[in-house]
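J.: These are the residues of each chain, in order.
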Amino acid sequence: SQQGEEDPQALSIQEGENATMNCSYKTSINNLQWYRQNSGRGLVHLILIRSNEREKHSGRLRVTLDTSKKSSSLLITASRAADTASYFCATAIRNSGNTPLVFGKGTRLSVIA
Amino acid sequence: EPEVTQTPSHQVTQMGQEVILRCVPISNHLYFYWYRQILGQKVEFLVSFYNNEISEKSEIFDDQFSVERPDGSNFTLKIRSTKLEDSAMYFCASTGTSGKNEQFFGPGTRLTVL
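Chains D and W, in that order, are what the protein sequence lines are.
Those letters in the first sequence? Residues 3 to 115, by this note's numbering.
Those letters in the second sequence? Residues 168 to 281, by this note's numbering.
Careful, some of the hints might be misleading.
Calculated pairs, SDA-like style, for lysine to any residue (alpha carbon to alpha carbon, straight line, at most 25 Å) [what the hints assert, rightly or not]:
hint: 1; chain 1: W; residue 1: K209; chain 2: D; residue 2: R64
hint: 2; chain 1: W; residue 1: K209; chain 2: D; residue 2: P10
hint: 3; chain 1: W; residue 1: K245; chain 2: W; residue 2: V214
hint: 4; chain 1: W; residue 1: K209; chain 2: W; residue 2: P274
Source of the hints: derived by calculation from the structure; they are not laboratory data.
Please read these numbers as outputs of a predicted model, since none were measured by experiment.
Sequences are here, hints too, so could you generate the full structure?
T.: This is the structure we're talking about:
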């Protein structure tokens, strides 16, 4: 089954540094999405990258996708304490239509001021 | 910006009791989902709903669970007889017809079964 798995499981950095999180999945996809979850809160959609895209930017976020390696990375530049959260990648269980998402276990990012 | 809302934010119940979790999806969305996240674990899919019927469900979504769209705005998840292991965060999500399957999640309801 398709499954996003992030690494590292936990990452601790100083404010101002860049944070890179990786995600691997198992089968072909139409797109891959990244979500953020603050402790005990809901999931916030960050960015979606299509399978025919290699890189996408949104503010301080940069996402890359390598379909040959079935992997994606999320880079947060110039991190802030407010970026402290868990970050998840998600893929759809099928390649068509509006289908359920499969989430990885996430990367817990701590940004120390 | 439109958002998915959920009520209550926290529900405490006794084992064996029925609970109804409520969601108001984004108004022009047509596909609705429930997910749950047991503390410290992955977000797991429960059920999807489209055109007033369940379109897909996971093996977690057994006979104790049901969903309903009682009116044009609400989307509910009912657990008939709660078990201790139902304690989790329950998230509602919705998506439109863009075809991108970009799902927007609500803030969640924390269900605690005692």
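J.: All hints, please: hold or fail.
T.: Results of checking the hints against the structure:
no. : hint              : in the structure
1   : W:K209 <-> D:R64  : holds (24 Å)
2   : W:K209 <-> D:P10  : holds (15 Å)
3   : W:K245 <-> W:V214 : holds (12 Å)
4   : W:K209 <-> W:P274 : holds (16 Å)
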